[in-house]
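Protein sequences appear in the order of chains A and B. Each residue of the first sequence is one higher than the one before, counting from 4 in the numbering used here. Each residue of the second sequence is one higher than the one before, counting from 2 in the numbering used here.
Among the clues, some could well be false.
Unchecked claim - To give an idea of the interface, some chain A residues facing chain B are shown, with a C-beta separation under 8 Å as derived from the structure:
id : residue
1  : 18
2  : 22
3  : 61
4  : 74
5  : 93
6  : 120
7  : 142
8  : 214
9  : 218
10 : 311
11 : 313
Don't read these hints as lab results, they were simulated from the structure. Note that beta-carbon positions come from the ideal geometry of N, C-alpha and C, so glycine has one too.
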Amino acid sequence: MLELTPKKVSERSTLRINPIKTCQPVGAMYAALGVHSCMPHSHGSQGCCSFHRMFLTRHFKDPAIASSSSFTEGASVFGGGSNLKTAIKNIFDIYDPEIIAVHTTCLSETIGDDLNGYIQDAKVPEGKLVVHTNTPSYVGSHITGYYNMIAGFIKYLSEASGEKNGKLALFPGFVNPGDMREMKRLMKLMGTEFIMLPDTSGVLDAPMTGSYTMYPKGGTSIPDIRDLGNCELTIGLGELTSEFPADFLEKKCKVPYKTLPLPIGVENTDNFIMALNQFSKNEVPYEIEEERGQLMDILLDSHQYTNNKTVAIFGDPDTVLGMAQITLEMGMIPKYVVTGTPGAAFERKANALFEKFGVEGCVAKQAGDLFELHQWIKNDPVDLLIGGTHGKQVARAEDIPLVRVGFPIIDRYVHSYMPIVGYKGAIRLAELILNALMDRQDRDCDDEDLEMVM
Amino acid sequence: MDSRDKVLDKYSSKIYKNRKEHVIEIEGGEPQVIAADTRAIPGIMTNRGCCYAGCKGVVTGPLKDVVNIVHGPIGCSYYTWGTRRNKAKGDENTKDFTQYSFSTDMQETDIVFGGEKKLRQAIKEAVEIFNPECIMISSTCPVGLIGDDIHAVAAESEKLYGIKVLAFSCEGYKGVSQSGGHHIANNGLMKYVIGTGDAEPLKYSINLLGEYNIGGDGWEVERILKRIGYNVVSVMTGDGSYADLKNAHTADLNLVQCHRSINYIAEMMKTKYGMDWIKVNFIGLESIKKSLHDIALYFNDPALIERTEAVIAEELDEIEEGMAYYKSKLEGKKAAVYVGGSRTHHFINLLKYLGVDVILAGYEFGHRDDYEGRDVIPTIKIDADSKNIESITVQPDQEKFKTFHTPERLEELKAAGVPLEKYDGLWADIAEGAIITDDFNHFETEEFLKLLKPDIFFSGIKDKFIVQKSGVPSRQLHSYDYSGPYAGFRGALNFAKDMTMATYTPVWNMIQAPWKSEPTLVGSLGGIE
Chain A
4 MLELTPKKVS
14 ERSTLRINPI
24 KTCQPVGAMY
34 AALGVHSCMP
44 HSHGSQGCCS
54 FHRMFLTRHF
64 KDPAIASSSS
74 FTEGASVFGG
84 GSNLKTAIKN
94 IFDIYDPEII
104 AVHTTCLSET
114 IGDDLNGYIQ
124 DAKVPEGKLV
134 VHTNTPSYVG
144 SHITGYYNMI
154 AGFIKYLSEA
164 SGEKNGKLAL
174 FPGFVNPGDM
184 REMKRLMKLM
194 GTEFIMLPDT
204 SGVLDAPMTG
214 SYTMYPKGGT
224 SIPDIRDLGN
234 CELTIGLGEL
244 TSEFPADFLE
254 KKCKVPYKTL
264 PLPIGVENTD
274 NFIMALNQFS
284 KNEVPYEIEE
294 ERGQLMDILL
304 DSHQYTNNKT
314 VAIFGDPDTV
324 LGMAQITLEM
334 GMIPKYVVTG
344 TPGAAFERKA
354 NALFEKFGVE
364 GCVAKQAGDL
374 FELHQWIKND
384 PVDLLIGGTH
394 GKQVARAEDI
404 PLVRVGFPII
414 DRYVHSYMPI
424 VGYKGAIRLA
434 ELILNALMDR
444 QDRDCDDEDL
454 EMVM
Chain B
2 MDSRDKVLDK
12 YSSKIYKNRK
22 EHVIEIEGGE
32 PQVIAADTRA
42 IPGIMTNRGC
52 CYAGCKGVVT
62 GPLKDVVNIV
72 HGPIGCSYYT
82 WGTRRNKAKG
92 DENTKDFTQY
102 SFSTDMQETD
112 IVFGGEKKLR
122 QAIKEAVEIF
132 NPECIMISST
142 CPVGLIGDDI
152 HAVAAESEKL
162 YGIKVLAFSC
172 EGYKGVSQSG
182 GHHIANNGLM
192 KYVIGTGDAE
202 PLKYSINLLG
212 EYNIGGDGWE
222 VERILKRIGY
232 NVVSVMTGDG
242 SYADLKNAHT
252 ADLNLVQCHR
262 SINYIAEMMK
272 TKYGMDWIKV
282 NFIGLESIKK
292 SLHDIALYFN
302 DPALIERTEA
312 VIAEELDEIE
322 EGMAYYKSKL
332 EGKKAAVYVG
342 GSRTHHFINL
352 LKYLGVDVIL
362 AGYEFGHRDD
372 YEGRDVIPTI
382 KIDADSKNIE
392 SITVQPDQEK
402 FKTFHTPERL
412 EELKAAGVPL
422 EKYDGLWADI
432 AEGAIITDDF
442 NHFETEEFLK
452 LLKPDIFFSG
462 IKDKFIVQKS
472 GVPSRQLHSY
482 DYSGPYAGFR
492 GALNFAKDMT
502 MATYTPVWNM
512 IQAPWKSEPT
522 LVGSLGGIE
């Protein structure tokens with residue numbers, strides 16, 4: 004496995020090998036699927052739309068619907084205006100969504116299609132909506148596309164009526180439906196009224212009932228997106244993902260915001276709960292206290308199996324930072340912390356974490372790739388890998404256990420239903436990490452050292 | 002109103018006009034004409050991919066000893082990384098790069114100022130790190146628009162590093178589906194790779210064309226062919242290699258499995274090297290037997306013929322009992338099959354053997370000849386979109402041209418039923434009354450599911466869960482749902498087992514919650530029991 008990867012790390016300025024990111028449009032598609040009765044629309048050649056639907060379907064094992072402008076060479080020369088116009092008509096005629104969320108592609112961006120103009124000119128049936136965002140694939144990553152789409156919804160729909168609604172606006176970050184459910188549960192427990200955008204729970208983890216519906220029950224409602232402008236406060240979870248839409252909403256509708264790390268691990272979840280506490284002025288209920296106490300119990304009980312274990316974490320920036328936090332809390336050493344998404348803030352935040360926990364020799368890298376991470380590991384190995392499916396090659400090549408967390412996980416089931424956020428999510432992560440490390444100990448030890456009790 | 006009309010009637014007049022040519026019901030008598038290989042309608046949820054997907058994703062990507070650099074933003078390379086199940090295995094002499102994804106990861110500045118410099122540097126880095134014998138560059142949408150001359154960069158790099166460097170202008174917007182990309186890839190391999198090797202010819206040697214080794218299909222076919230005594234010179238392109246492809250011209254016969262994606266190479270090799278090709282199908286017992294008989298007839302060596310019969314008998318013996326069992330579980334079921342541009346046809350015979358009728362079928366990116374047979378090729382109208390895909394012509398190679406049989410012998414073989422340069426398309430095996438939809442889309446899938454109620458649906462990942470959520474068992478036939486191989490005799494057994502499993506998994510009996518069918522409200526009303 005990966006035998007052609009040399010141990011020697013050579014300077015690479017251009018060739019990207021085994022990336023830890025993909026392009027903007029798929030993030031936009033994911034965000035749009037988190038709006039109720041929304042058809043994500045890819046304005047480009049149909050291959051983009053197919054690739055993105057495949058990517059999402061493989062991760063969620065659930066239908067990911069989206070349509071395409073199906074550019075041909077002609078459209079690429081003369082502009083995609085007429086393709087989009089036809090597409091909008093056909094989508095409303097045949098698939099009847101409440102709203103179409105258009106995102107661009109590197110194709111339509113390179114030819115400079117004017118989406119604002121096209122949408123203004125499009126025939127949109129009474130009561131139906133079309134919104135858009137620009138997602139040039141050659142800027143940022145899928146994370147960029149995700150937050151651009153959220154801002155696109157706000158740009159078109161959110162209004163400040165002058166009357167506050169008493170609610171909290173929550174941007175959940177680039178997380179699974181299972182995480183979004185957990186965030187909602189915590190907010191409800193805290194007595195917080197909220198609007199969350201997007202909300203893919205009930206869409207990409209919709210139940211099997213025997214009858215297919217194109218627009219399942221879940222997703223943020225359009226009235227709620229409009230009402231975002233009347234919220235008291237925004238909390239953006241995942242500072243590198245949610246600051247952009249939070250800032251956008253503030254600029255447009257004067258909703259003040261604060262951003263917090265994804266609530267992965269103890270301290271990050273504490274901060275989220277404290278922020279909800281400050282917002283709602285409600286006391287933290289016993290149910291949450293109990294969960295936190297259980298997590299403390301588990302981490303104490305098991306700390307000898309995680310202490311000083313080294314780990315390499317890769318994936319999306321906020322998820323990786325969250326995982327770095329929880330592994331540090333478990334006494335582990337996040338030796339390599341890598342995201343494919345570009346942005347210097349990632350390295351700053353990771354380094355601040357290393358400093359805070361007093362760990363030395365840890366490396367953080369933005370705009371990195373799995374090829375380089377693998378080379379680092381070849382030179383100085385780790386006990387555990389944490390990240391998405393693509394890490395399985397490195398895991399196999401170097402015989403290191405892999406705990407699957409984040410996006411994409413295309414070779415396992417159930418993950419998208421289960422949270423990694425909140426105290427409950429931390430308990431789950433602790434179990435995953437402990438099982439991986441302890442199974443490895445059981446596998447590797449001599450017969451006489453096989454412990455019946457651990 | 003029949004099912005076809007019921008579905009089409011729901012369209013607006015404009016779409017109706019377009020789709021009615023693509024959706025037909027098979028009726029006896031007159032040859033049926035279908036519209037195919039035309040533009041998808043914007044906004045209609047087509048299952049098609051793009052030109053790049055056909056070129057790099059399908060044809061060049063599986064070549065294991067090639068560093069396939071995708072020139073463009075990151076996504077295109079990312080999505081074709083390990084997702085298609087074209088299995089490959091390297092050895093001491095053959096590097097296997099299929100575990101890697103290479104991209105120039107173009108940024109905004111590259112779009113503005115051009116990406117050639119970046120591409121040059123990426124090639125340099127690939128050479129320094131991996132020292133490959135061959136690099137292939139695939140363009141993505143923006144590359145064509147900003148005018149990067151990837152062919153010039155390839156030629157220059159070839160000189161600079163003394164290795165083979167090929168460039169494919171397979172921008173996603175070209176053509177109307179993956180199909181254009183197949184053609185572009187075929188052209189490149191024909192022009193620059195095939196025929197450049199100097200291996201000694203082997204006896205009874207064949208190339209396996211249009212076999213992508215999904216789930217190990219190619220390995221299973223090779224195993225059988227080798228047992229009989231054939232030498233496989235090259236496979237295009239599953240577990241194939243640049244090194245083998247160079248010598249493809251030394252083989253005696255080309256076997257074409259996927260007609261759509263590779264018939265161009267078969268045709269061009271016939272013209273350039275005199276090599277005959279026959280359409281084979283290694284999916285389904287009857288088809289495999291026929292194909293093996295055809296190949297044996299072509300070589301016409303008594304020992305080979307005898308060995309063919311012995312191998313068939315042994316392989317059949319191995320699976321007979323299992324097949325009979327699964328047939329008893331599946332007989333009478335109805336299936337829908339939507340895969341690729343040839344594969345739907347390939348699976349019909351296997352399903353027939355299991356007693357399963359295909360009532361709904363079609364292709365994503367097939368052309369009319371894939372449905373109606375190659376005889377219609379001269380009558381296919383070339384439209385603006387197909388004109389944009391280069392069609393190259395080749396001349397006989399004075400040195401390497403050779404013929405295996407005399408024209409008279411070829412006629413005899415044809416008369417004996419050997420499909421030399423012949424393919425009769427899906428029509429040859431589809432049952433009367435079946436509904437065929439070309440470039441099938443989400444809407445038609447959903448509607449026909451309701452009307453025709455197939456017992457199982459074979460398609461791809463995008464519609465798998467849509468169909469499954471409707472309560473119909475569904476399996477991917479692009480990726481074999483991470484199972485396989487399905488080719489060959491053993492593959493047939495795997496398929497039958499998987500189909501049975503999909504149909505009979507206990508979960509199907511539990512979908513409805515008991516309270517949906519039984520009253521659960523028990524209690525007292527106003528204090529009265």
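**Request:** Taking the numbered hints from earlier one at a time, note which ones the structure violates and give those numbers from smallest to largest.
**Result:** As far as the earlier hints go, 6, 9, 10 and 11 are violated by this structure, in ascending order.
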